[in-house]
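Enquirer: Here are the chains, one letter per residue:
Protein chains: 2
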Amino acid sequence: MSENKIPYKTYLDENEIPKAWYNLRADMKTKPAPLLNPGTGKPLTAEELTPIFCEELVRQELDNDTAYFPIPQDIVDFYRMYRPSPLVRAYCLEKVLDTPAKIYYKFEGNNTSGSHKLNSAIAQAYYAKQQGLKGVTTETGAGQWGTALSMACAYLGLDCKVFMVKVSYEQKPFRREVMRTYGASVTPSPSTETAVGRKILAEHPGTTGSLGCAISEAVEVATQTPGYRYVLGSVLNQVLLHQSIIGLEAKAAFDKIGVKPDIIIGCAGGGSNLGGLISPFMGEKLRGEADYRFIAVEPASCPSFTRGRFAYDFCDTGMICPLAKMYTLGSGFIPSPNHAGGLRFHGMSTILSQLYHDGLMEARAVEQTSVFEAAELFARSEGILPAPESSHAIRVAIDEAMRCKETGGEKNILFGLTGTGYFDLLAYQKYNDGEMSDYIPTDADLERGFAGLPKVEE
Amino acid sequence: MSENKIPYKTYLDENEIPKAWYNLRADMKTKPAPLLNPGTGKPLTAEELTPIFCEELVRQELDNDTAYFPIPQDIVDFYRMYRPSPLVRAYCLEKVLDTPAKIYYKFEGNNTSGSHKLNSAIAQAYYAKQQGLKGVTTETGAGQWGTALSMACAYLGLDCKVFMVKVSYEQKPFRREVMRTYGASVTPSPSTETAVGRKILAEHPGTTGSLGCAISEAVEVATQTPGYRYVLGSVLNQVLLHQSIIGLEAKAAFDKIGVKPDIIIGCAGGGSNLGGLISPFMGEKLRGEADYRFIAVEPASCPSFTRGRFAYDFCDTGMICPLAKMYTLGSGFIPSPNHAGGLRFHGMSTILSQLYHDGLMEARAVEQTSVFEAAELFARSEGILPAPESSHAIRVAIDEAMRCKETGGEKNILFGLTGTGYFDLLAYQKYNDGEMSDYIPTDADLERGFAGLPKVEE
Numbered sequence: 015m016s017e018n019k020i021p022y023k024t025y026l027d028e029n030e031i032p033k034a035w036y037n038l039r040a041d042m043k044t045k046p047a048p049l050l051n052p053g054t055g056k057p058l059t060a061e062e063l064t065p066i067f068c069e070e071l072v073r074q075e076l077d078n079d080t081a082y083f084p085i086p087q088d089i090v091d092f093y094r095m096y097r098p099s100p101l102v103r104a105y106c107l108e109k110v111l112d113t114p115a116k117i118y119y120k121f122e123g124n125n126t127s128g129s130h131k132l133n134s135a136i137a138q139a140y141y142a143k144q145q146g147l148k149g150v151t152t153e154t155g156a157g158q159w160g161t162a163l164s165m166a167c168a169y170l171g172l173d174c175k176v177f178m179v180k181v182s183y184e185q186k187p188f189r190r191e192v193m194r195t196y197g198a199s200v201t202p203s204p205s206t207e208t209a210v211g212r213k214i215l216a217e218h219p220g221t222t223g224s225l226g227c228a229i230s231e232a233v234e235v236a237t238q239t240p241g242y243r244y245v246l247g248s249v250l251n252q253v254l255l256h257q258s259i260i261g262l263e264a265k266a267a268f269d270k271i272g273v274k275p276d277i278i279i280g281c282a283g284g285g286s287n288l289g290g291l292i293s294p295f296m297g298e299k300l301r302g303e304a305d306y307r308f309i310a311v312e313p314a315s316c317p318s319f320t321r322g323r324f325a326y327d328f329c330d331t332g333m334i335c336p337l338a339k340m341y342t343l344g345s346g347f348i349p350s351p352n353h354a355g356g357l358r359f360h361g362m363s364t365i366l367s368q369l370y371h372d373g374l375m376e377a378r379a380v381e382q383t384s385v386f387e388a389a390e391l392f393a394r395s396e397g398i399l400p401a402p403e404s405s406h407a408i409r410v411a412i413d414e415a416m417r418c419k420e421t422g423g424e425k426n427i428l429f430g431l432t433g434t435g436y437f438d439l440l441a442y443q444k445y446n447d448g449e450m451s452d453y454i455p456t457d458a459d460l461e462r463g464f465a466g467l468p469k470v471e472e
Numbered sequence: 015m016s017e018n019k020i021p022y023k024t025y026l027d028e029n030e031i032p033k034a035w036y037n038l039r040a041d042m043k044t045k046p047a048p049l050l051n052p053g054t055g056k057p058l059t060a061e062e063l064t065p066i067f068c069e070e071l072v073r074q075e076l077d078n079d080t081a082y083f084p085i086p087q088d089i090v091d092f093y094r095m096y097r098p099s100p101l102v103r104a105y106c107l108e109k110v111l112d113t114p115a116k117i118y119y120k121f122e123g124n125n126t127s128g129s130h131k132l133n134s135a136i137a138q139a140y141y142a143k144q145q146g147l148k149g150v151t152t153e154t155g156a157g158q159w160g161t162a163l164s165m166a167c168a169y170l171g172l173d174c175k176v177f178m179v180k181v182s183y184e185q186k187p188f189r190r191e192v193m194r195t196y197g198a199s200v201t202p203s204p205s206t207e208t209a210v211g212r213k214i215l216a217e218h219p220g221t222t223g224s225l226g227c228a229i230s231e232a233v234e235v236a237t238q239t240p241g242y243r244y245v246l247g248s249v250l251n252q253v254l255l256h257q258s259i260i261g262l263e264a265k266a267a268f269d270k271i272g273v274k275p276d277i278i279i280g281c282a283g284g285g286s287n288l289g290g291l292i293s294p295f296m297g298e299k300l301r302g303e304a305d306y307r308f309i310a311v312e313p314a315s316c317p318s319f320t321r322g323r324f325a326y327d328f329c330d331t332g333m334i335c336p337l338a339k340m341y342t343l344g345s346g347f348i349p350s351p352n353h354a355g356g357l358r359f360h361g362m363s364t365i366l367s368q369l370y371h372d373g374l375m376e377a378r379a380v381e382q383t384s385v386f387e388a389a390e391l392f393a394r395s396e397g398i399l400p401a402p403e404s405s406h407a408i409r410v411a412i413d414e415a416m417r418c419k420e421t422g423g424e425k426n427i428l429f430g431l432t433g434t435g436y437f438d439l440l441a442y443q444k445y446n447d448g449e450m451s452d453y454i455p456t457d458a459d460l461e462r463g464f465a466g467l468p469k470v471e472e
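If you're matching them up, the sequences are chains E and Z in order.
Going by my numbering, the residue at position 238 of the first sequence is 252; the numbering climbs one at a time, nothing skipped.
Going by my numbering, the residue at position 9 of the second sequence is 23; the numbering climbs one at a time, nothing skipped.
Heads up, a few of these hints could be off.
One copy or any two copies: either way a pair holds, since identical chains are not told apart in the list.
[As the list claims (entries may be wrong)] Restricting the straight-line Cα-Cα distance to at most 16 angstroms, the calculated cross-link-like pairs of lysine to aspartate or glutamate (EDC-like) are:
| hint | residue 1 | residue 2 |
| --- | --- | --- |
| 1 | Lys274 | Glu30 |
| 2 | Lys109 | Asp88 |
| 3 | Lys213 | Glu75 |
| 4 | Lys270 | Asp27 |
| 5 | Lys33 | Glu108 |
No lab work stands behind these hints: they were computed from the structure.
These figures come from a predicted structure and were not determined experimentally.
Pulled out of the complex, with its shape left as it was, chain E reads as follows (with noise of 0.2 angstroms):
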């Protein structure tokens, strides 16, 4: 290999961090619908949001003009441990595939909580710190989430109560292991420490829990507990607001090496990933200075934007927390038990909605099976083993290649590689085995989903 091209991974240096997060609401014309109170059905207000959240971050929340918020030093700091994180030619897996597009990917997994999620906890966790509150409580499905959180807080000092799926908490338990050692106290939900996680044992005594639940739980504890407030690692705007650190660092390394993509790829479960990932980029788009594609990936067997409606629904199953305008399955729709649990939610990002909604975005669904191959073929080139959300992006970067190969094209892709599958492993042993099926919800199965929409009169 020539000593002049493209390195393989391009790093900022760590005084390039970029010192603002970007809002994207800022430039989009048509604004995401606001939460509304499902009591009331008007729009929340910071003070009905205060008792639940920090107050910076309402403020972070509902604000729908600063296009830049300026990233407290003390954040910055904790971002040096671990970023900028790299952003990665493929040469390995290109060469595999023989194929004329050059793929990049910003690789998000290079920390122990082993995914992106960091970028937002240790925010989310700042934030309550300066408020002076004691602690803070959030629930985890499969894990990246909660194990993010506790390292945020074990950093500050700060008390970290996490909600933990039953299942997951009996199935993963090296997970639940991790979380523990950053000092995080970890309840497998539904517990008996709250009202609601009472109730709902009392009614279904041989229950392993569900997201839904945890954040009931989670809620009920953060706002009965003086000096405690709750805190969510994806959906909300504030988490794609500082998630878009990741993209602003991907831009500034493409303008390093002088290329500009011209597709950008990130799974979706929540959003938390995509939405940060592609912001800056969408933000020219729409104030009319680049044009990219943008293609959001997702589970066919949990297929919001592709086959979901867009409406009014609660963000839970429970049907305590805010409605929000998305595409969404309807929050009673339950989404088979396929291996990304970190993509297994029946709504969508407000953001992203709108902007798929205005036609700026593309999105394609794709099988497990068909997700774990090219998993595992970019694990035998590039060396890493990827989490099977990640993976989503990655069928779809394949797919875009293999289609240059086709038509001849170099396009420049990029995909985020949101974490690393090292917690993941009875999947790939699955895969493996040869034991993975996919699923896809019948027409009838959506149906039962949207029936449980609620009317909302916009």
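Could you slot chain Z onto chain E? The hints should help.
Expert: Relative to the frame of chain E, chain Z by itself:
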């Protein structure tokens, strides 16, 4: 933090990856003693070694004089996927310790094998491929080496057959699964696939295996299958040669920031990491160009340096491997089942043994509960969950930093952070639950090991 200070992470440019490995033996006044043929008691010749090892690797193994071996471009390209690894300034750990010492670590865990083992795995697989071989065999205990070799073989399209100690195969199914994902065949040892395996199974029907037995099986398959050779992840001179990349990069990074380390610390099992990390610094010391303190850290439960004998011994418990002159507890010594599988070896690299014997290096034995205490402190402050092996070095780095606090000395401390602990969470769980204990062998335990040392006339 000011923008002009030493950064958290110093990365070399990819074009600054060393172009040659450094052979520390070339600068040693007293060369390490040669390997002996256990049958004849005579130094092993290249002819005797080539049926087992690849030709170029045999050449590297026996060469005590050539100071630099050029790194083939294909290996440099592979290194570019995950190297240069960062030299990290542990600002956050320093702050927590409130020490005047400046702590640095060379972090080798940011690749899917999770450790430095990949540096030698790719080299050994490359030479096997160059020789036109079909595949390689090896053994693995905890799994880092087997994983690294699987990755290297997948990249080069080489068969990889791993004999995994049965108890690890069963207790660490996820390690096994990573290897399978990289296309390796993983066999629990002892197995019925080899004569030696069948013999051991007949004699000890319920055995859960040992590293010595797995080595015997891997060597048998390598020597009896056309187109195969055996490879090993530690102890050998060739491995230390390849691992010199760690120290060469660390030294180049220190030069870049204008810092000279005073104390260099590494964990020591067979010596692959410690030998690689210290090599260019030790070279300067041997040539009288600079002085450094070197500290090898080993588990108190397996104290080869601090309580072993400097004598010829078998490298394996099965007594089929060559005799090496080294600090050893006797090939029959059975270390307690501590949680640093990579350090549970009765002997030590002949190079490091000679250096220690010549008073050029110190050694310290530490107990595992104090190791996990250090690991947890490190994880919470620096955001990386360390491997139990690496945490031995962390323990002593912290001890030295605390000594600086007492004396007011502003020493620059460097330690090797060889890997991450994502597959060691059962050990962390034991520690978190307060169920971890220490074990220090009695003098009588050691005498039993020494009683098995072979009689060798030197």
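Enquirer: Hint by hint, note whether the structure agrees.
Expert: Tested hints:
no., hint, verdict
1, Lys274 x Glu30, "neither (19 angstroms within a copy, 26 angstroms between copies)"
2, Lys109 x Asp88, "between (42 angstroms within a copy, 14 angstroms between copies)"
3, Lys213 x Glu75, "neither (31 angstroms within a copy, 68 angstroms between copies)"
4, Lys270 x Asp27, "both (11 angstroms within a copy, 14 angstroms between copies)"
5, Lys33 x Glu108, "neither (34 angstroms within a copy, 25 angstroms between copies)"
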